[in-house]
Amino acid sequence: MLVLGIESSCDETGIALYHTEAGLLAHRIHTQIAMHSEYGGVVPELASRDHIRRALPLLGACLAEADKALADIDAIAYTQGPGLAGALLVGASVANALGFALQKPVVGVHHLEGHLLSPRLADPKPEFPFVALLVSGGHTQLMAVHGVGQYELLGETVDDAAGEAFDKSAKLLGLGYPGGPALSKLADTGNASRFKLPRPMLHSGDLDFSFSGLKTAVLKLVTEQSPLGDTMRADICAAFQEAIVEVLQKKCLAALKQTGMTRLVIAGGVGANRQLRAALDDAAQRHRYTVFYPPLELCTDNGAMIAYAGAMRLQHAVSGYGYGVKPRWDLASLPAA
Amino acid sequence: MPYLALDTTTEHLSLAVTTPQGVLARDWHVGQKHAERTLPEIEALLSEAGIARAALEGIVYGMGPGSFTGLRIGCGIAQGLAFGLGIRLVGVSTLMALAQGSGADRVYACLDARMNQVYAAAFERDGEGWREVITASVCDPDAVSIPEGTGWTGVGSGFAAYGEALGTRLGDALGTTLPARFPHARDLLALALPVFARGAALAPEDAPLVYLRDKVALKTHERIKA
Numbered sequence: 088m089l090v091l092g093i094e095s096s097c098d099e100t101g102i103a104l105y106h107t108e109a110g111l112l113a114h115r116i117h118t119q120i121a122m123h124s125e126y127g128g129v130v131p132e133l134a135s136r137d138h139i140r141r142a143l144p145l146l147g148a149c150l151a152e153a154d155k156a157l158a159d160i161d162a163i164a165y166t167q168g169p170g171l172a173g174a175l176l177v178g179a180s181v182a183n184a185l186g187f188a189l190q191k192p193v194v195g196v197h198h199l200e201g202h203l204l205s206p207r208l209a210d211p212k213p214e215f216p217f218v219a220l221l222v223s224g225g226h227t228q229l230m231a232v233h234g235v236g237q238y239e240l241l242g243e244t245v246d247d248a249a250g251e252a253f254d255k256s257a258k259l260l261g262l263g264y265p266g267g268p269a270l271s272k273l274a275d276t277g278n279a280s281r282f283k284l285p286r287p288m289l290h291s292g293d294l295d296f297s298f299s300g301l302k303t304a305v306l307k308l309v310t311e312q313s314p315l316g317d318t319m320r321a322d323i324c325a326a327f328q329e330a331i332v333e334v335l336q337k338k339c340l341a342a343l344k345q346t347g348m349t350r351l352v353i354a355g356g357v358g359a360n361r362q363l364r365a366a367l368d369d370a371a372q373r374h375r376y377t378v379f380y381p382p383l384e385l386c387t388d389n390g391a392m393i394a395y396a397g398a399m400r401l402q403h404a405v406s407g408y409g410y411g412v413k414p415r416w417d418l419a420s421l422p423a424a
Numbered sequence: 125m126p127y128l129a130l131d132t133t134t135e136h137l138s139l140a141v142t143t144p145q146g147v148l149a150r151d152w153h154v155g156q157k158h159a160e161r162t163l164p165e166i167e168a169l170l171s172e173a174g175i176a177r178a179a180l181e182g183i184v185y186g187m188g189p190g191s192f193t194g195l196r197i198g199c200g201i202a203q204g205l206a207f208g209l210g211i212r213l214v215g216v217s218t219l220m221a222l223a224q225g226s227g228a229d230r231v232y233a234c235l236d237a238r239m240n241q242v243y244a245a246a247f248e249r250d251g252e253g254w255r256e257v258i259t260a261s262v263c264d265p266d267a268v269s270i271p272e273g274t275g276w277t278g279v280g281s282g283f284a285a286y287g288e289a290l291g292t293r294l295g296d297a298l299g300t301t302l303p304a305r306f307p308h309a310r311d312l313l314a315l316a317l318p319v320f321a322r323g324a325a326l327a328p329e330d331a332p333l334v335y336l337r338d339k340v341a342l343k344t345h346e347r348i349k350a
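Protein chains in written order, with this note's numbering: chain A, 88 to 424; chain B, 125 to 350.
Derived from the structure by calculation, the hints contain no laboratory data. These numbers come from a predicted model, not from an experiment. Glycine included, every Cβ here is placed at the ideal spot set by N, Cα and C. Honestly, I wouldn't trust all of these hints.
Short derived list, chain B residues pointing at chain A, Cβ under 10 Å [stated by the list, open to error]:
(1) 161
(2) 329
(3) 345
Distance ranges between label pairs, derived from CB positions [unchecked claim]:
(4) B/350 - A/211: 23 to 33 Å
(5) B/210 - A/424: 26 to 36 Å
(6) B/210 - A/88: 20 to 30 Å
(7) A/215 - B/178: 35 to 45 Å
(8) B/210 - A/405: 22 to 32 Å
(9) B/349 - A/272: 29 to 39 Å
(10) B/157 - A/347: 41 to 51 Å
Full structure from sequences and hints, please.
Below is the structure:
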């Protein structure tokens with residue numbers, strides 16, 4: 088089965104062709120980061136305007152790369168939510184009209200399910216069950232994944248997402264928007280032990296997170312140490328990253344212990360963070376669990392994960408072509424596949 | 125040679141398709157339910173007309189101005205249909221569609237743009253088509269451009285929302301008004317057929333949209349200045 092995946096929930100247009108036997112045949116992502124950076128954040132209306140310009144050219148490129156014709160597509164999957172309503176509607180409209188034209192089934196996919204299952208696009212892929220850390224600019228959640236659609240929330244952030252803390256701290260440090268990746272890069276050159284930043288909720292006894300206090304601690308440091316030289320800035324970045332990584336790592340270990348599971352899956356944009364990966368790999372050796380990551384280029388939002396999750400849920404495909412999006416959508420409400 | 129037109133740019137949904145017996149057109153007041161309604165209604169309309177979707181020759185859509193989300197639902201559906209069927213499409217100005225549907229020869233077309241503004245343009249019949257004598261713009265109702273002469277027919281939701289301000293502003297230039305009219309797929313279709321005939325239809329990936337309101341957020345340096 089050849090499944091077309093369409094992702095348009097935020098500021099990346101992602102299109103992919105996934106084959107249930109042959110694997111991922113092609114995928115393309117257009118990121119709008121440069122467009123939104125002048126505004127200091129994602130402007131939903133501009134995001135929607137860009138998605139509709141990008142979707143078909145990306146689809147054309149995917150078909151060419153996979154050497155497939157439209158008629159080869161067996162089903163179409165699109166991100167139905169959660170996300171920005173106007174942006175979601177672009178992908179949903181194109182997907183459903185394509186399905187109508189081709190007379191093929193269309194399935195709406197939960198964006199986070201796409202992320203959760205994306206490490207199964209890597210080789211080797213994690214078998215069920217596993218603990219998943221979903222960590223991005225919009226989410227920080229720990230989940231027990233027993234199978235497709237069988238998700239048990241173990242803990243989540245009570246305020247900012249980890250990626251959001253990265254971006255907001257980067258802004259305080261004058262690293263632009265979105266500054267998370269720039270902060271990580273600078274952290275590699277800094278001395279993490281010069282400043283000791285708090286590890287919020289590290290000993291809370293549950294699997295929840297809190298990152299807004301960390302951001303406040305960065306603000307305090309920036310104010311105290313201003314004007315910031317390059318070394319000072321790098322040292323703050325290193326201290327910040329070390330704090331976040333330690334919290335994420337410790338909570339992952341606690342989740343594995345609590346569930347008795349031995350596989351850990353990392354998904355979402357922060358999953359690309361090098362120090363986080365190093366810390367989790369290191370702990371995996373010591374604590375005898377296996378850690379799985381999505382392919383690096385599939386850490387951000389992408390169409391491949393939507394095509395894959397859609398392929399797992401073809402039995403939920405509809406043939407009526409009337410559609411709606413779900414800007415807010417609880418992952419735990421999904422049926423088992 | 126069937127052509128299908130759709131408009132989702134207002135709280136109405138309208139569809140039209142060419143058949144050997146003439147144009148078959150439908151419309152509904154759907155509020156914000158365009159996503160839920162459009163494709164099922166297209167399916168029903170094609171079925172009623174006895175047209176297989178694969179037989180369609182071209183797609184026509186309202187390219188704006190209008191509701192931003194509505195524009196993209198219509199354009200996204202038009203793109204998906206045209207790309208999926210391997211055919212071309214034509215986007216038509218919603219303001220010109222108002223002129224086409226009015227029955228008048230000199231039309232002041234005006235749509236409610238929300239935020240106390242209107243989308244406005246003036247058209248004069250020119251043979252089979254229309255000449256845009258006042259270029260489409262978004263502006264305050266009391267600042268719209270005034271056409272030359274008198275007795276222009278005012279058409280569209282702008283006259284329902286800001287009838288008094290527009291009446292005062294346009295004065296003698298304005299004649300009768302048709303405030304309940306909306307851009308209808310039937311009129312989009314009529315305006316698009318000559319475009320298909322002269323080979324000027326577009327590939328689906330080139331489908332344009334006209335928002336008119338292009339300043340939707342402040343850049344960081346503009347916010348700081350403000």
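Original post:
Does the structure break any of the earlier hints, and which numbers would those be?
Top reply: The structure breaks only hint 4.
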